[in-house]
Amino acid sequence: MSGVALFRCRSCGHHWQFRRALCPACAEADPEPVEAEGHGTVWSVTVVHRAPTPELDVPSGYGIALVTLDEGARVMARAPTELATGMRVLVHARDGLLFASRA
Amino acid sequence: MAYLTGVGLTAFGKHPGKGPVDLMEEAALDALADSGLPRDAIDGLISGYAMTYPHLMMGAVMCERLGIRPHHAHQAQCGGATGAMAIVLARHLIAAGACRHVLVLGGENRLTGQSRDDSVKALATVGHPEHEVPLGASIPAYYALLAARYLHETGATEAELAELAVLMRRHAMDHPGAQLRKPLTVEDVMASKPVSTPLKFGDCCPISDGGAAVIVSVEPLSKAAIRLAGWGEAHTHQHVSEIPDDLGLGAKIAAAQAFDIAGRTPADMRLLGLYDSFTPTLAIFLEALGFAAPGGAGRAAREGLFAKDGPLPLNLHGGLLSYGHPGVAGFMAHVVEVVRQMRGEAGSRQVADAPLAYCHADGGVLSSHVGFVLERVA
Ligand SMILES: [Zn+2]
Numbered sequence: 000m001s002g003v004a005l006f007r008c009r010s011c012g013h014h015w016q017f018r019r020a021l022c023p024a025c026a027e028a029d030p031e032p033v034e035a036e037g038h039g040t041v042w043s044v045t046v047v048h049r050a051p052t053p054e055l056d057v058p059s060g061y062g063i064a065l066v067t068l069d070e071g072a073r074v075m076a077r078a079p080t081e082l083a084t085g086m087r088v089l090v091h092a093r094d095g096l097l098f099a100s101r102a
Numbered sequence: 000m001a002y003l004t005g006v007g008l009t010a011f012g013k014h015p016g017k018g019p020v021d022l023m024e025e026a027a028l029d030a031l032a033d034s035g036l037p038r039d040a041i042d043g044l045i046s047g048y049a050m051t052y053p054h055l056m057m058g059a060v061m062c063e064r065l066g067i068r069p070h071h072a073h074q075a076q077c078g079g080a081t082g083a084m085a086i087v088l089a090r091h092l093i094a095a096g097a098c099r100h101v102l103v104l105g106g107e108n109r110l111t112g113q114s115r116d117d118s119v120k121a122l123a124t125v126g127h128p129e130h131e132v133p134l135g136a137s138i139p140a141y142y143a144l145l146a147a148r149y150l151h152e153t154g155a156t157e158a159e160l161a162e163l164a165v166l167m168r169r170h171a172m173d174h175p176g177a178q179l180r181k182p183l184t185v186e187d188v189m190a191s192k193p194v195s196t197p198l199k200f201g202d203c204c205p206i207s208d209g210g211a212a213v214i215v216s217v218e219p220l221s222k223a224a225i226r227l228a229g230w231g232e233a234h235t236h237q238h239v240s241e242i243p244d245d246l247g248l249g250a251k252i253a254a255a256q257a258f259d260i261a262g263r264t265p266a267d268m269r270l271l272g273l274y275d276s277f278t279p280t281l282a283i284f285l286e287a288l289g290f291a292a293p294g295g296a297g298r299a300a301r302e303g304l305f306a307k308d309g310p311l312p313l314n315l316h317g318g319l320l321s322y323g324h325p326g327v328a329g330f331m332a333h334v335v336e337v338v339r340q341m342r343g344e345a346g347s348r349q350v351a352d353a354p355l356a357y358c359h360a361d362g363g364v365l366s367s368h369v370g371f372v373l374e375r376v377a
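Chains as they are written, first to last, in numbering that gives the first Met the number 0: chain A, 0 to 102; chain B, 0 to 377.
None of these hints come from the bench; they were simulated from the model. Positions of the beta carbon are idealized from the N, C-alpha and C atoms, including for glycine. There could be a bad hint or two in this list.
[Said to hold, decoys possible] Per label pair, the in silico range of CB-to-CB distance:
1) A:17 / B:15: 40 to 46 Å
2) A:87 / B:267: 45 to 51 Å
3) A:71 / B:71: 42 to 48 Å
4) B:223 / A:83: 32 to 38 Å
5) A:26 / B:91: 51 to 57 Å
6) B:267 / A:17: 53 to 59 Å
Given these sequences and hints, build the entire structure.
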């Protein structure tokens, strides 16, 4: 279980992450909450060296990735610093935050 | 018809002791003097917001400060595109017959009025409160994600992006009001400290204090008339997680409308004022708008395409990357420079001739786009 919460359109099957009343692809109402399998591909990734708050600062920086899940939704996740665009990853939720790791 | 009849600009950098209201007032008086309009001719006012002074009614604050009683006044808020959006909105107020002379204001003491940490933290909140901000993302991190994608898709290099920072610095060195005027090389940018890979310190605009003002009027005044010939907006998303696969999509939609209304094409443009919060922002715009080949913006800059004496001069005051970025006034400085260049009033920075210009800004993370074509008609 990945714990990655998505919404799925009951009409066209489109998947997305952010809460909204209508499907962004076809405008069908009443989307269904689903859990992602967790498999995905890195769309982009960065290593943050200057954190927005001091408590987040770590000497070697931390990774943040945008991952396109196999269901089609794109999600943002914390990532190891060695990830690169195009890599296959697994995304899982922990304490409400998403984390990506190499598949 | 709407014309840009007055422009005002402060130096950007440190203005200790001055708040947003002081900086906007200074720019407003500069623009009024430039237009030759009496203060009481201003019957519309749109002010920007200031993160150092989060007042609910900045428009009314500025009316009180300037001693004017316009038919319309409010505060606009659209991130980095606020000034551009307000100029387009002023045109709509004029077209509707609601106002004749609208004063657009931006100003903030973002550098001296808060700590750098507070500024970075406040700006980070533009991200999604549940799904992005808690990950430790920041504005540079969001743009870094787009920069990394841009480099991956186009095959451009970090050194090529750095060329854009170098170009902005070269232009800023010719403007006494620019915040950063020390010579800069590609090697300097490449050796600068990493902020969020692939962005280094040299790829990022500084935080500044400063103010800017533009007056939009129903008729041309005594100076060379600069007509707002076409305009366009696009609001494709807000959060970077939902950005379209085509990073330049919003810029393309807004520009297509602006060029269509103006009856012009990008090839007609002789001058550019493009938002450049980070080097990839500028590269993505130049390429989306057709001013450079995909992945080719940095190379085109190196080859002199966007230089003062090149065919398509860009951000001749130094842009956000070197003139500075105090929030709403940041992009308004581009507009001030474009107007002065089109009028032939730019002194040592003056380009040969620029009867047509395109200006474009984004707010958020390539989220909200506003572009317009300016045309000299006299
Ligand atoms: Zn649907």
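Do the hints match the structure? See the list:
| no. | hint | in the structure |
| --- | --- | --- |
| 1 | A:17 / B:15: 40 to 46 Å | holds (41 Å) |
| 2 | A:87 / B:267: 45 to 51 Å | holds (47 Å) |
| 3 | A:71 / B:71: 42 to 48 Å | holds (45 Å) |
| 4 | B:223 / A:83: 32 to 38 Å | violated (52 Å) |
| 5 | A:26 / B:91: 51 to 57 Å | violated (28 Å) |
| 6 | B:267 / A:17: 53 to 59 Å | violated (40 Å) |
In this structure, the hints that do not hold are numbers 4, 5 and 6, in rising order.
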